[in-house]
Every structure is written in C-alpha cells, then in structure tokens.
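*Asks:* Sequence:
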Amino acid sequence: MLKKISNWIEKNEKLILSFIISGSILSSIIYSFSFRIEPTVDAKAYDNIAWDIAQGSGYDENSAIGRPGPGYEFFLGFIFRIFGHSYEAVWIIHALLLGASAYFVYKSIKSIDPNNFSLPALVGAFLIGFSPDLITVSSMLLTETLVVFLISGFLYFLIKSITKDKAHLLSISGIFLSAAMLTRSNLSLLVIPVCIFLIYKKNYKKFFLFAGIIIICLTPWTIRNYFIYHEVRPFNAAFGLIYVGNHKGATGELIVDYPLPEGYGDLSSLDQIDFDEILKKEGIKYIKNNPLDFLRLSLIRLSIYISPARPFAFWPHLKGLVRWATTGLSSVYAGVMFVVGFFGIWVSIKTKEKKFKEYAVLLSSLAVVMPVGIVWLIVETRYRFPLYPILGLFVGLGISWLIKKWPTNIKNYKSVLIIILLIIGANSAFDIIRNLGRIADKF
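For the sequence shown, the residue numbers in the numbering used here are 1 to 443.
It should be emphasised that the hints constitute simulated quantities derived from the structure, not laboratory data. Errors might be hidden in some of the hints.
What the hints assert, rightly or not - Straight-line alpha carbon distances no greater than 30 Å define the calculated BS3-like cross-link-like pairs of lysine-lysine that follow:
1) Lys164 x Lys350
2) Lys357 x Lys14
3) Lys288 x Lys352
4) Lys160 x Lys11
5) Lys404 x Lys414
6) Lys201 x Lys357
7) Lys357 x Lys411
8) Lys404 x Lys357
9) Lys352 x Lys160
10) Lys404 x Lys355
11) Lys357 x Lys205
12) Lys404 x Lys4
13) Lys350 x Lys202
14) Lys164 x Lys14
15) Lys285 x Lys248
16) Lys288 x Lys355
17) Lys166 x Lys202
18) Lys281 x Lys248
19) Lys14 x Lys355
20) Lys14 x Lys160
21) Lys164 x Lys355
22) Lys4 x Lys414
23) Lys164 x Lys201
24) Lys281 x Lys350
25) Lys160 x Lys350
26) Lys14 x Lys166
27) Lys4 x Lys281
28) Lys354 x Lys414
29) Lys357 x Lys166
30) Lys205 x Lys164
31) Lys354 x Lys205
32) Lys404 x Lys164
33) Lys160 x Lys205
34) Lys248 x Lys288
35) Lys350 x Lys404
36) Lys166 x Lys354
37) Lys205 x Lys166
Quick caveat: nothing in here was measured; it's all calculated off a predicted structure.
Required output: the full structure, derived from the provided sequences and hints.
*Replies:* Below, the structure is given as structure tokens:
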C-alpha cells in the first residue's frame with residue numbers, strides 16, 4: 001500500500017506541486033479579501049512611509065529611520081506607485097510571494113536531498129505554502145511575507161551555488177540576503193556562516209564575491225544615511241531596542257509603555273536618532289550592570305521563540321471559533337516545524353556522507369544564528385517566521401531519512417524524535433505556566 005502511494009506521488013509530483021502552490025496563493029488571497037484587515041501600529045507606519053515614497057515625498061528621516069527597513073517600505077512604495085494606494089494589490093502580491101516561497105523551499109529540498117524522494121520536498125512546500133501563520137501575516141502590511149520570500153530565495157540559490165559550483169548563483173543568493181538584511185537588519189548574522197563555509201572550503205574568490213555583493217547592495221543606503229546623519233548607518237535606528245528589551249521590569253517581550261530612562265529631560269522632544277542613541281546607551285549600561293538578568297531575559301526570549309504555545313492568533317479580526325481554530329492550527333504548526341525540523345537537523349548532521357554533512361552543517365548554522373540575532377533584544381511570535389523556510393527544509397530532510405530507514409532501522413530515529421518532542425513540550429509547558437494570566441486574558 002505504502003509502495004503504491006509512494007509511486008503515485010513520484011509519478012504525479014509536478015501536478016501535486018502545482019496544486020500546492022496555486023492553493024497557497026488562492027488561500028492567502030481568500031483570507032486577505034475576507035478579513036480586509038486595516039493597517040494598525042507597525043503596519044500603519046509602513047503604510048504611511050510607503051505612501052510618502054510613492055508620492056515622491058521621500059523617506060522621512062526623523063521617524064521612518066526608527067522602523068525596520070528600508071526594504072519593506074520601498075517594496076510597498078513601489079506597489080503603491082504602480083497600483084495606487086491599494087491594499088488589494090499588496091494582498092495579491094503577498095500571496096504570490098508566499099507561493100514563490102513554497103516553491104523555493106521545494107526546490108531547495110530537491111537540490112540537496114541525497115535520497116531524492118518526492119514526498120519530503122512536497123511536504124516542505126506544503127508547510128510553507130499552507131502555513132496558518134504565513135497566510136495570516138500575508139493579509140497584513142508587515143515585513144514577514146517579504147522576508148520569508150527573500151530568505152527562501154537566498155537558501156535556494158545558496159544551495160544551488162554550492163551543489164553546482166556556480167559563482168553567479170552565489171551572487172544571486174547574496175542579493176536576496178542583502179535585500180532581507182535591508183528589510184530586517186537582525187538577519188545580517190546569516191552572512192557569517194556562509195563566509196566561514198566558503199573560507200573552510202578555500203573558495204576565497206567566492207568569499208570575496210559574496211562579501212562584495214553584500215557590500216555593494218548595502219552601500220547606497222549607507223551613503224544616503226551618512227549624508228543625512230553624518231555617521232555610518234547601513235540599516236536603521238533601532239538599537240534602542242537594546243533598552244526596550246533590557247531594563248528593570250523587562251519581560252523579554254515588547255512592552256508598549258516601557259519606562260523611559262531618567263535624567264535626560266523630555267525625550268519626546270528629541271528626533272529619532274538622538275532618542276535611539278539614548279536608549280542604546282542605557283540598554284548597554286543595564287546589561288553591563290545586570291549580566292545575570294540579561295542572561296535570564298535572553299533565555300526567556302529563546303523559550304518564547306521556540307514555543308508552540310505562542311500561536312500567531314490573537315488579532316482583533318479573529319473572534320470566537322475562528323480564533324480558537326487559528327490558535328490550535330498555529331500551535332500545532334509551530335510544534336511540527338520545531339520538532340520535525342530539529343529532528344531533520346540532527347539526522348542531517350549525523351550522516352556519514354561527507355559532502356552532504358558539510359551542507360547540513362552550513363544550513364544548521366544558519367538556523368542557529370537566526371534567533372541569536374533577536375533573542376538579546378525583544379521577541380514576538382512573528383519574529384520567528386524568517387526561520388520557517390530553514391525549518392521547512394529540514395522537515396523535508398527529516399522525512400526523507402525516515403522514509404529511507406522505514407521500517408527496519410527506525411528505532412534510533414524514533415528515540416531522537418521523542419526526546420526532541422519532550423524538550424519542545426516541556427518548554428511550551430514552562431511558557432504556559434509562566435503566562436497563565438495573560439493567556440486567560442486572550443480568551
């Protein structure tokens with residue numbers, strides 16, 4: 001029976017993939033047009049900045065520089081410039097990006113899976129394309145849909161460049177990563193594992209090529225900021241988040257009404273750059289004076305980051321049964337991604353196939369540095385979404401190894417899966433117990 005199913009999947013792989021991608025795009029569009037979510041808070045800020053750009057008013061240097069960017073703002077501005085101030089156009093393009101992300105993950109798994117099975121790659125595509133989290137966020141004017149697409153593209157072209165030994169593909173991966181960095185600056189750490197891998201492989205020309213592409217892509221925005229602020233600033237003015245996430249009474253999450261540092265007078269009269277500098281200074285000071293509390297907060301943030309008990313479901317447009325269903329789907333989805341994804345990392349690193357193991361170590365390193373870039377600041381559920389393409393890839397590889405070993409050599413793999421499940425489950429239980437009051441308030 002299993003053999004027949006496997007053969008049918010292999011035979012109809014392209015048809016199944018087309019259904020996954022088209023279904024993903026359609027699901028995102030239906031969700032967006034059904035709820036028609038108006039931009040608020042971060043989304044409203046991106047909307048305003050993008051509309052200014054579309055109208056030719058430029059990038060407001062005093063307030064806009066405090067937002068992650070400028071990648072998403074210019075992306076939105078480009079859409080508004082062509083289609084007018086149309087949220088519908090954004091929703092459709094977001095849906096197309098989600099479908100493209102699913103395709104990139106599918107192709108990434110097919111490019112690197114030594115067993116070359118169809119099912120794992122299709123599962124990886126499905127987990128991205130039909131992610132309840134990614135479908136939900138695609139209906140909002142938030143950075144995550146674009147970032148997930150850029151990270152998915154970066155992974156695919158990086159994998160193809162090292163498996164096919166093609167320099168131009170490495171250049172394309174560098175462009176995708178640069179765009180992701182300009183959208184979310186904490187993703188800059190992804191440069192490090194790639195550079196270390198290229199040096200380890202003694203591909204010095206490719207190392208300089210990759211580093212050069214990153215520098216070239218970041219240079220225009222850095223020059224623009226230098227002329228305006230008279231300092232080297234390749235991204236934005238967001239280092240004040242060091243204080244937002246690390247001060248007396250901090251919880252590890254974003255506190256909207258956090259206490260402002262004392263002794264600086266009326267901080268509301270300052271421009272964004274000066275305000276950010278004060279927060280950064282006070283945040284670093286707090287960390288130096290309270291290293292153990294910083295460690296405690298960072299561990300709490302890591303716990304939140306990998307907790308399936310943090311569903312992407314508590315939005316005003318979700319009520320009653322829909323909220324409960326979204327909560328359940330989002331939690332189960334995160335659980336599958338972390339448990340099976342971590343399992344995929346383990347089996348990939350443990351393989352005896354040297355070349356594949358090298359690739360696995362590189363990709364695992366990317367998965368590790370992703371949370372490192374954010375857990376020392378603040379963490380919200382959506383901040384882990386850029387990790388999903390990497391986890392989706394490893395979910396596919398984990399399934400591939402299970403298929404290969406099934407059913408005779410499955411015992412050791414089953415034990416590892418159970419251990420990972422217990423660790424993720426224990427962390428989720430800890431997260432729930434620590435936040436029982438807040439969880440009750442959500443419902």
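*Asks:* Hint by hint, note whether the structure agrees.
*Replies:* Now the hints, each set against the structure:
Distance restraint check for Lys164 and Lys350: the Cα-Cα separation of roughly 23 Å lies within the 30 Å cut-off, and the hinted pair is therefore satisfied. With a C-alpha separation of about 28 Å, the suggested pair Lys357 and Lys14 falls inside the 30 Å cut-off, and the hint holds. For the hint linking Lys288 to Lys352, the alpha-carbon distance of about 44 Å lies beyond 30 Å, and the restraint is violated. For the given pair, Lys160 sits about 24 Å from Lys11 by alpha-carbon distance, which is consistent with the 30 Å threshold.
Between Lys404 and Lys414 the CA atoms are separated by roughly 14 Å; this keeps the pair inside 30 Å, and the hint holds. For the hint linking Lys201 to Lys357, the alpha-carbon distance of about 13 Å falls within 30 Å, and the restraint holds. Between Lys357 and Lys411 the CA atoms are separated by roughly 22 Å; this keeps the pair inside 30 Å, and the hint holds. For the hint linking Lys404 to Lys357, the alpha-carbon distance of about 17 Å falls within 30 Å, and the restraint holds.
A distance of roughly 21 Å separates the Cα atoms of Lys352 and Lys160; the hinted pair therefore holds under the 30 Å criterion. Annotation: proposed proximity of Lys404 to Lys355 holds, straight-line Cα distance about 18 Å (limit 30 Å). With a C-alpha separation of about 23 Å, the suggested pairing of Lys357 with Lys205 holds against the 30 Å cut-off. Distance check on the hinted pair: Lys404 and Lys4 sit about 16 Å apart at the alpha-carbon level, within 30 Å; holds.
As the CA atoms of Lys350 and Lys202 are separated by approximately 23 Å, the hinted pair is consistent with the 30 Å bound. Restraint check for Lys164 and Lys14: the C-alpha separation of about 23 Å stays at or below 30 Å, so the hint holds. For the suggested pair Lys285 and Lys248, the alpha carbons sit about 12 Å apart, so the restraint of at most 30 Å is met. Pair hint Lys288 plus Lys355 does not hold up; C-alpha atoms about 42 Å apart against a cutoff of 30 Å.
With a CA separation close to 15 Å, the supplied pair Lys166 and Lys202 stays within the 30 Å bound. At roughly 15 Å between alpha-carbon atoms, Lys281 and Lys248 fall within 30 Å of each other, so this suggested pair holds. The hinted pair formed by Lys14 and Lys355 meets the criterion: a straight-line CA distance of about 28 Å does not exceed 30 Å. Of the pairs offered as hints, the one joining Lys14 and Lys160 holds, with about 20 Å between alpha carbons and a cut-off of 30 Å not exceeded.
Distance hint between Lys164 and Lys355 is fulfilled; the C-alpha atoms sit about 12 Å from each other, no more than 30 Å. With a C-alpha separation of about 24 Å, the suggested pairing of Lys4 with Lys414 holds against the 30 Å cut-off. Between Lys164 and Lys201 the CA atoms are separated by roughly 14 Å; this keeps the pair inside 30 Å, and the hint holds. Between Lys281 and Lys350, the direct Cα distance comes to roughly 43 Å. Violation of the 30 Å bound is thereby established for this hinted pair.
Between Lys160 and Lys350 the alpha-carbon distance is near 22 Å, which keeps this suggested pair within the 30 Å criterion. For the proposed pair Lys14 and Lys166, the alpha carbon gap of about 26 Å is at most 30 Å, so the pair holds. For a cut-off of 30 Å, the pair hint linking Lys4 to Lys281 is broken: about 63 Å separates their Cα positions. For the given pair, Lys354 sits about 24 Å from Lys414 by alpha-carbon distance, which is consistent with the 30 Å threshold.
Between the alpha carbons of Lys357 and Lys166 the distance comes to roughly 20 Å, so the proposed pair stays at or under 30 Å and holds. A C-alpha spacing of about 16 Å is found between Lys205 and Lys164, which places the hinted pair at or below 30 Å, so the restraint holds. Our distance criterion of 30 Å between C-alpha atoms is met by Lys354 and Lys205, whose separation comes to about 23 Å. Between Lys404 and Lys164, the direct Cα distance comes to roughly 24 Å. Compliance with the 30 Å bound is thereby established for this hinted pair.
For a cut-off of 30 Å, the pair hint linking Lys160 to Lys205 stands: about 17 Å separates their Cα positions. The straight-line distance between the Cα atoms of Lys248 and Lys288 is roughly 13 Å, inside the 30 Å bound, and the hint therefore holds. The straight-line distance between the Cα atoms of Lys350 and Lys404 is roughly 15 Å, inside the 30 Å bound, and the hint therefore holds. Restraint check for Lys166 and Lys354: satisfied, since their Cα atoms lie roughly 20 Å apart, inside the 30 Å limit.
This hinted pair checks out: Lys205 and Lys166 have alpha carbons roughly 12 Å apart, not beyond 30 Å.
In summary, the numbered hints that this structure violates are 3, 16, 24 and 27.
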